[in-house]
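Peer 1: These protein sequence lines map, in sequence, to chains A and B. Numbered by the UniProt record's numbering, the letters in the first sequence go through residues 1 to 602 in order. Numbered by the UniProt record's numbering, the letters in the second sequence go through residues 1 to 146 in order.
Think of the hints as simulated: they come from the structure by calculation, not from any bench. Certain hints may be false.
What the hints assert, rightly or not - Now the stretches of chain B that chain A is said to cover, found in silico as 3 or more residues with beta-carbon under 8 Å:
(1) 99 to 113
(2) 119 to 129
Unchecked claim - A few chain B residues facing chain A, derived, Cβ under 10 Å:
(3) Ile-64
(4) Thr-82
(5) Tyr-94
Unchecked claim - Lysine to any residue pairs mimicking SDA-like chemistry, simulated, CA-CA at most 20 Å apart:
(6) B:Lys-62 / A:Trp-483
(7) B:Lys-62 / A:Arg-484
(8) A:Lys-272 / A:Val-248
(9) A:Lys-549 / B:Glu-54
All C-beta atoms in this analysis are idealised placements derived from N, C-alpha and C, irrespective of residue type, glycine included.
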Amino acid sequence: MIDNPWSLVLVGVMAVLTFSLGYVGSRRANTTPDFLVARRGVPATRNAAAISGEYLSAASFLGVAGLVLKDGVDALWYPIGFTAGYLAMMLFVAAPLRRSGAYTLPDFAEARLGPSNLRKFCTFFVICIGVLYLVPQLQSAGLTLHTITGLPAWLGGAAVTVIVVVNVLGGGMRAITLVQAFQYWGKLFAIAAPTFVLFTLFLAGPGNGAQPVDASGVLRFPEDVEVTTVDPVRVRVDVALRLSATGVVNGAPADGPVYWTPGLHEVGADTKLRFPAGAPVPVVEGSPTSNHDWLRPQTEGLSGLFETYSLIFATFLGTMGLPHVLVRFYTNPDGRAARRTALHVLYLLGLFYVFPTVLGVISRQYLPQLLVTGKTDAAVLLLPATMQPNLLGQVLGAVVAAGAFAAFLSTSSGLLVSVAGVVSTDILPGKVRDFRWATVLTGAVAIGLAMLLPRADASLTVAMSFALAASTFCPLLLLGIWWRGLTWVGAMAGLVVGGGLVIGAQVITVVSSYTGKWAPSVLSQPALVTVPVAFLTMVMISRLTARRKPDDVNQILLRLHAPDPLGFMRDRDVQRFGTAEEKAGAADRGRGDGGPPPTGKL
Amino acid sequence: MTKHSGPPGQPDQPQPAERDAWLSVSARKNRRRRVVLADPRGRGRVLRTIIELEEQTSVGEKLIRDLIRTQLRTGLALGGGTLLLLASLPLVFYLLPWVAEVELVGVRLPWLLLGLLPFPLCYGVGYAYRRLAERHEHDFVSSVDR
Numbered sequence: 001m002i003d004n005p006w007s008l009v010l011v012g013v014m015a016v017l018t019f020s021l022g023y024v025g026s027r028r029a030n031t032t033p034d035f036l037v038a039r040r041g042v043p044a045t046r047n048a049a050a051i052s053g054e055y056l057s058a059a060s061f062l063g064v065a066g067l068v069l070k071d072g073v074d075a076l077w078y079p080i081g082f083t084a085g086y087l088a089m090m091l092f093v094a095a096p097l098r099r100s101g102a103y104t105l106p107d108f109a110e111a112r113l114g115p116s117n118l119r120k121f122c123t124f125f126v127i128c129i130g131v132l133y134l135v136p137q138l139q140s141a142g143l144t145l146h147t148i149t150g151l152p153a154w155l156g157g158a159a160v161t162v163i164v165v166v167n168v169l170g171g172g173m174r175a176i177t178l179v180q181a182f183q184y185w186g187k188l189f190a191i192a193a194p195t196f197v198l199f200t201l202f203l204a205g206p207g208n209g210a211q212p213v214d215a216s217g218v219l220r221f222p223e224d225v226e227v228t229t230v231d232p233v234r235v236r237v238d239v240a241l242r243l244s245a246t247g248v249v250n251g252a253p254a255d256g257p258v259y260w261t262p263g264l265h266e267v268g269a270d271t272k273l274r275f276p277a278g279a280p281v282p283v284v285e286g287s288p289t290s291n292h293d294w295l296r297p298q299t300e301g302l303s304g305l306f307e308t309y310s311l312i313f314a315t316f317l318g319t320m321g322l323p324h325v326l327v328r329f330y331t332n333p334d335g336r337a338a339r340r341t342a343l344h345v346l347y348l349l350g351l352f353y354v355f356p357t358v359l360g361v362i363s364r365q366y367l368p369q370l371l372v373t374g375k376t377d378a379a380v381l382l383l384p385a386t387m388q389p390n391l392l393g394q395v396l397g398a399v400v401a402a403g404a405f406a407a408f409l410s411t412s413s414g415l416l417v418s419v420a421g422v423v424s425t426d427i428l429p430g431k432v433r434d435f436r437w438a439t440v441l442t443g444a445v446a447i448g449l450a451m452l453l454p455r456a457d458a459s460l461t462v463a464m465s466f467a468l469a470a471s472t473f474c475p476l477l478l479l480g481i482w483w484r485g486l487t488w489v490g491a492m493a494g495l496v497v498g499g500g501l502v503i504g505a506q507v508i509t510v511v512s513s514y515t516g517k518w519a520p521s522v523l524s525q526p527a528l529v530t531v532p533v534a535f536l537t538m539v540m541i542s543r544l545t546a547r548r549k550p551d552d553v554n555q556i557l558l559r560l561h562a563p564d565p566l567g568f569m570r571d572r573d574v575q576r577f578g579t580a581e582e583k584a585g586a587a588d589r590g591r592g593d594g595g596p597p598p599t600g601k602l
Numbered sequence: 001m002t003k004h005s006g007p008p009g010q011p012d013q014p015q016p017a018e019r020d021a022w023l024s025v026s027a028r029k030n031r032r033r034r035v036v037l038a039d040p041r042g043r044g045r046v047l048r049t050i051i052e053l054e055e056q057t058s059v060g061e062k063l064i065r066d067l068i069r070t071q072l073r074t075g076l077a078l079g080g081g082t083l084l085l086l087a088s089l090p091l092v093f094y095l096l097p098w099v100a101e102v103e104l105v106g107v108r109l110p111w112l113l114l115g116l117l118p119f120p121l122c123y124g125v126g127y128a129y130r131r132l133a134e135r136h137e138h139d140f141v142s143s144v145d146r
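Make the full structure from the sequences, and use the hints.
Peer 2: As C-alpha cells, then:
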C-alpha cells in the first residue's frame, strides 16, 4: 500500500539487533536448565522488561488502537484487562509458583498433585494455547509486511519464524531474555514517539479542530476515498448516500453509481468502493456508526454489558494461565523476585497502554475508510503517512513498522520457547538436543498452520486463548496453590470440562459465521460461564475423590508458601537434568540453609 | 572451631546461609561463606523450628497454615476491592447514562476513568500487596527464628 523504503530499513535493523542480542545472550548456554529457564538467574527488573516485551503482542501494539477506532470507549477494557490480569497473577500466583520449583506448567501439575495422567492433559492444553496464540502472530506479521512494503504476505510470517527459530536454537530461554527486554523498550519508543508528534500535530494543525472528536452525529469522509475490500463484509448505513462501486454489492454485480438507503448492505470480496468527500461513512456491522455512540460507554444494552463482563473475566483471570507468561516467572531466582517482577510489569504495561488509546482516537479523524472494511488493525501503521504525507510521516511510519515487527518477534519467541520446553521435556527425553528438535518442529507446524488456516481478527483469536487459559489453567493454579483439597482427578475433570466448553463454543461460532451468524454472542465470549463451571467441577470432583489427595500435601504447601530464606525451595529442573557439579552445589546449598537434602522426586 | 557470628549471648543473629538466600543465585555462588561447625545455641533453635515445619508437627502446621491464611486474606481483600471498583464501572455507565456526559478538562469522564485511572490503580494495589506480603514473610521468619 505504501512504498516506504525507510520501513524496510528499520525492520531490517530490528532483525539484525534481535539476532546479535540473541547471540550475545546464548554464548554460555549449554545445559537443559539454560534452555528451559535461563538457569533461574534473571534479575527482577530485566525479567519484567522481558515479560512486558513478550506480552505486548500484535494484539496490543496494533489491535488496541484499531479496536478504539472501531468500538470507542468500550474497547478500553482490553488494555485494562491485560494489565489487571497481572495484578491477579501477582496476588495469587507469582511467588508460590516460583517456589514450587517447576520448570513448565505440566511439571507444576505433577509437583503439586503427584505423577498421573494429568501431566499429559496439561501438555495438550499448553500446546493448544501456545499454537492458538502463535498462528495469528505469524499471520499478522505477513499482513503487516505486506501493508508496509508490498512484499508477499507469506514472506513476513516465514521471516519471523526463521529469525525466532534460529535465536531459540542458539540458547533457548537464555537467548531470548535479553532480546525481549530490549524489544519492550524498542516498542515503547516506537509507539510513544509517533504519538507525541502526531498528537501535537492533531492539536495544532490547521483544520484539525474543524470536526472535534466529540461532535455528536454522523462520521463523514474528509476527502474522496477509494476502499477495496479483501473479504466479504456487511456494513450498516445510517444516512442514505451515493457512491460508485466496482464488484459485488448486495449480491449483484455492480459497476458504476450505487445508492444506499439506511440499513444493512453486503459487499463482496475484492470490491472497489469510491466515496465522495463529505459522504457519511458506512461502518462494519457490530460497531457504533455515529460518533455519538462511539463516545459513550455501554450503548449496546444488556448483551453489550454481558460481553464487557465476560471480557473482564477472561482477561483478569486468563493472564495467569498463559504458559508463555508463566514460564518467564520460573526464570527468577526466588519467590520474592517473582513477586517484584510482577509489580514491575504492572508499571511497564501501564506506561505503554496510554499511547495506543491516543492513536486510536486520532485515527477516527483521519482513517474512517478502515471502518468500511473493519480491518482496523492497520490504523497505527497507516496513520503517520496519512497525517503527514512527507518525510516526517515516512520516518514515523517506519518507526511504527519496526515496533510492530519487534512485537511479532518477541511474542513468537516466548511462545516458541514455552511450547518447545513442554514438547521436549514431556514428549521427548528433555536433553538440549531434544529442545532444539522441538523448536524446529514447533516452528514448522506453526508456520504451516499460519499459511493453511484462514486469517481471523488477531484480537478474536487472542481473546479465545485468554478464555481457554482462564477456564483451564487458572482454576488449576489457584486451587492448587491455595486449597489443600485438590486431587488430580478433580483437576483433570476441571480441565476437560472448562477447556471442552471453550473449544466447543469456538467451533460453534466458526460454523455459524460460515452459515449465517445464528450463534448468540455468549458463545464468542464464553468466559463468564465457563470459568465458574471449571472451578465448580474441580472443587466438586476433588471433594468426591478426597482419598486421592497426595499424602505430602502439607509439605508441598509449605514449600509453596514458606518464605525464601528458610530454604525449602527445590528446583525440579536441577533434580532432573542438572549436571553432577550443579547437583552437588544444590545439595550443598540445601545443607547450608538447614533444610533437608533434596528429595529425589523424579 | 570457629567463633560465633555475633557477640555471645545474642543467638538471634541470622545465619550466614540464611542471609545469603536473599541474594540472587549468582551473588550467592561467588560469595565467600563462613562455615560454622559448632554453634549450639542459635543454630539448634532455628533447625528445630524448621524441622517442626518440615515434619508438620502441630506447631509447625499451625504456623504455616496461619501464614497461608494471612497471605490469601490479603490477596483476596486487595484483589476483590480492585475488581469491585473496576467491575462496577460498566454497570454505572449502563444504569446512569448521564455520567457519560460529564466532562473534565475537555475529556469525557468515561475516557478518563477507563483510559487513565486503572493503570496507576493496579500499580498502587500491587505495591501495597508487595509491602504487606513481604512483611508477613518477615514476621514468619522471625517467629521461626526465635
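Peer 1: Evaluate each hint against the coordinates.
Peer 2: Hints, verified against the model:
1. With 4 residues having a beta carbon nearer than 8 Å to a beta carbon of chain A, the region 99 to 113 of chain B meets the requirement of three or more and the stated coverage holds.
2. A stretch counts as covered by a chain when three or more of its residues have a beta carbon under 8 Å from one of that chain; for the region 119 to 129 of chain B and chain A the count is 8, and the coverage holds.
3. The criterion of a C-beta within 10 Å of any C-beta in chain A is met by Ile-64 of chain B, whose closest approach is roughly 5 Å, and the hint holds.
4. Restraint check, Thr-82 of chain B versus chain A: the minimum CB separation of about 6 Å is within 10 Å; hint holds.
5. Interface hint status for Tyr-94 of chain B: upheld, as the beta-carbon distance to the closest one in chain A is roughly 4 Å, under 10 Å.
6. A C-alpha spacing of about 15 Å is found between Lys-62 of chain B and Trp-483 of chain A, which places the hinted pair at or below 20 Å, so the restraint holds.
7. The straight-line distance between the Cα atoms of Lys-62 of chain B and Arg-484 of chain A is roughly 14 Å, inside the 20 Å bound, and the hint therefore holds.
8. With a CA separation close to 9 Å, the supplied pair Lys-272 of chain A and Val-248 of chain A stays within the 20 Å bound.
9. A threshold of 20 Å between alpha carbons decides the hint, and for Lys-549 of chain A with Glu-54 of chain B the separation of about 18 Å falls inside it, so the pair holds.
Checked against the numbered hints listed earlier, the structure breaks none of them; every hint is satisfied.
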